[in-house]
Amino acid sequence: MYELYAQTFVNGINVGALYGLAAVGLSLTFGVMKILNIAHGEFLMVGGFFAYWLFTLLGLDPFLSLPLIALALFLLGAIFYKLVFASVARFHEEVKVKNSLLVGFGLFLVFPQIARGLWTADERAITPAYSGTSFPIFGVRVAYVPLAGLIVTVVVILALHFFLTRTYFGKSVRGTSENWKAAKLMGINVDRTYMITFGLGTALAGLAGVLVALAQSVTPDVGMEWTIKALIVVVLAGIGSIGGAFFAGLILGIVEAVGAIFMGPYSVALGLVIFLLILMFRPQGLFGKG
Amino acid sequence: MIHWKKGALSAGIVLILVLIPLFVQRSDIITYLFLTLLYIILAQSWNILGGFTGQQNLGHAAFFGVGALTARYIWLHYGFPLPLAILGGGLATAAFALIIGFPAFRLRGVYFIIGTLVMAEILRMVFDNVFPRADVMPMKLLATYNLAPRYYVGLLFAVLSVVAVYWVNRSRIGLGMMSIREDEDAAEATGVNTLKYKLLAFAISTFMAGLAGGVFAYYTAATKVGDLFAPVWTFDAVIIVFVGGVGTIVGPIVGAVFFVLLKQLLSLYLPGGMHVLVFGVLFIVVVLYLPGGLIGLMAKLRKKPA
Amino acid sequence: MARGQDASGWRFWMLEVNKIDVFHGGLQALWEVSLNVDEGEIVSLIGANGAGKSTIVETIASLLAPTSGDIRFEGVRLDREPAHKVVTLGVCLIPEERGLFPGMSVLENLELGAFTPASRKVREISFKLVYELFPVLEARKNQISGTLSGGEQQMVAIARALMSKPKLLMCDEPSQGLAPIIVKNIFEVIKRINESGVGILLVEQNVRAALGLAKRAYVIENGRVTAQGESKRLLADERVREAYLGTG
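Residue numbers (the numbering used here), protein chains in the order written: chain S, 1 to 290; chain Z, 1 to 306; chain G, 1 to 248.
Keep in mind that the hints were calculated from the coordinates and are not lab data. For each residue, glycine too, the CB sits at the ideal point set by N, CA and C. A few of these clues could be false.
Covered, in the sense of this in silico footprint (three residues per stretch, anywhere, with C-beta under 8 Å from a C-beta of chain S), are these stretches of chain G [unchecked claim]:
(1) 75-87
(2) 111-117
(3) 192-205
Between the sequences and the hints, there should be enough to build the whole structure, so can you do that?
What follows is the structure, encoded as structure tokens:
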């Protein structure tokens, strides 16, 4: 019995780290720009397929492809910001967030079609030689790939935290999120800050996509599922809480994994229940400031 | 005078639609017409809450699914007569909506939107797990399957839904709903019971979505239950409403005709499914640059020469 | 009006606002507003709530764009520059309600004040300067700015603006919501800033205090300049006294 629970717990952490990483980018753009990009999961999907391409066509190890994917998805995000989201950012708060949802919804229709054209509808996974290998510890098997994924996630989130709190530009991003008008008055180019923030968000989604393609698999239609996981995590953590998103991701992963023991496939509904309860009784999230 | 003209025009259109199956035998044309009517019901239902009340529901598929599932089960497996089954589907949907409506409307603005989105997606996953296999009509029914009655059921409910929206729009309820869309806080401050009107709009909207589901359940020979909850039902409804003209009565009708026509046209030239891409782009363009949809565009064009 | 006349004659003012019309949310908020501020001068905009005073300074800061007319600062057209460029030219606005970054520390607020490349280079000197002006901010530099008292928040707002090394500082209602004793302090500081050579454009509802501080003032009513001139002269003006000082 112990082994079952311990193994489930470890598996939950593995999946939860992916949830956390998928959520961080969404939380960043929502927190800074008040734009809710429900096409976030689509960028994750694209990141996964890009890494799949690099792996199958060039034989590039997925962990080595991480920086390339981050760069590619950053540029893709910046382009999409300029193309569609920049005109959303002009609107007033309430209209802005609603229109961003609708626009994201439109992208959510567009991306899978393009992905089908480029990569077919087949399920794709990145399978380097070391995938599936594991080592035992305390009666639990820990696989190398998810462990490396967890480490990547932690490093990325720490780097993001460092960027936002220690660098001048990162501080200007936070300033813009707190009061964009005042930020302008201080000489901060808000439009450029938004573009870079959006690009960072999609780059983070792309990184998560690589890990998803490695630990699980990607299909052109996987985007919405990940957007929803990320949304649940963002709400659980409290909007804009970067470190919180990581821990909330772990919590969701563990709850789903343990829930699966008792509820079987219905454990997916747990996410919804958590989501609605949090929204109703603690809208600032678990880690948000009350 | 204008009022009378509009009424005559509507009656004329309905009359033509009633007569069409008597003269047109091609099943593909009847199918397109049926789909247009189905989309009119679905789009009108979304528009009640999303267009008139300003509460965008991105989980509309859930209500379509509940209606379709209920209607299909009590019709096929419990032997309810068809009209009762479809009505029952609508009622079950509205009841389900009211149960989740109380907690859902504690969420405001963006949280309501993502709440509905998440709810629909989770329902789809759950139903995919509960009913993994396709639900096929019994052989006896399939042998006598005929499009014409499906078409007339679709027409009946499409006309009913347009009339219902027209009536709601002109009533006090419509006023209350629109005051919430314009400014929820101000509406509340002036004494509008916003929760009541939101729940009412939600109930009407989901009841109609349930009816649309029932009509589809009667039409489709075989379906996976999970597909009844598929996000595509939400998308189609939202796209049709926005392209046609959000918050108007004619918008969803124009949008539905446009949608079905363009979809068929695109399927002649593009590989399967690519029409979705075109509609996605079209939708984004409408949201960003043409908030009035086709109706708004027509009004603008008509105004310009004058 | 001696100064106004020689302005049109042979020399430029530091800031020249020339007949601007501004629309705000579809409605016209300003009608042909013209005003000037000279180097090292304190000029005040007075008028009732909603008269358009804030709209004027927000337009100078390029948060709003005029539909006609122009704004020049040292000869450069401000109305053609985006807001974040206006700061680099040396014009800084302290907005109404201070516009702090409330979740960030005092230090971080001040750092963002010196965001423009030129001011960032000299920020160590600027820090010294503002800490000298407001010793309390040095003691509180690690405190989250949103948790400070109203007076201290206003100090952060002023200090942050100074970090950008402005040649013209625009203060929108710096006395708003503050106790009289603190208002006196704030005005004292504004005077000291001015004495160091920075031009000041002060928006105030506290007309007596504003006219006491500024040499010249413009009276704004319903989006128009209805009176202007030396503060002393305005203080003596019957109409101004009646409308704004409550003494007919």
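Verification of the supplied hints:
no.: 1; hint: 75-87; verdict: holds (count 5)
no.: 2; hint: 111-117; verdict: holds (count 5)
no.: 3; hint: 192-205; verdict: violated (count 0)
Checked against the numbered hints given earlier, the structure breaks only hint 3 and satisfies all the rest.
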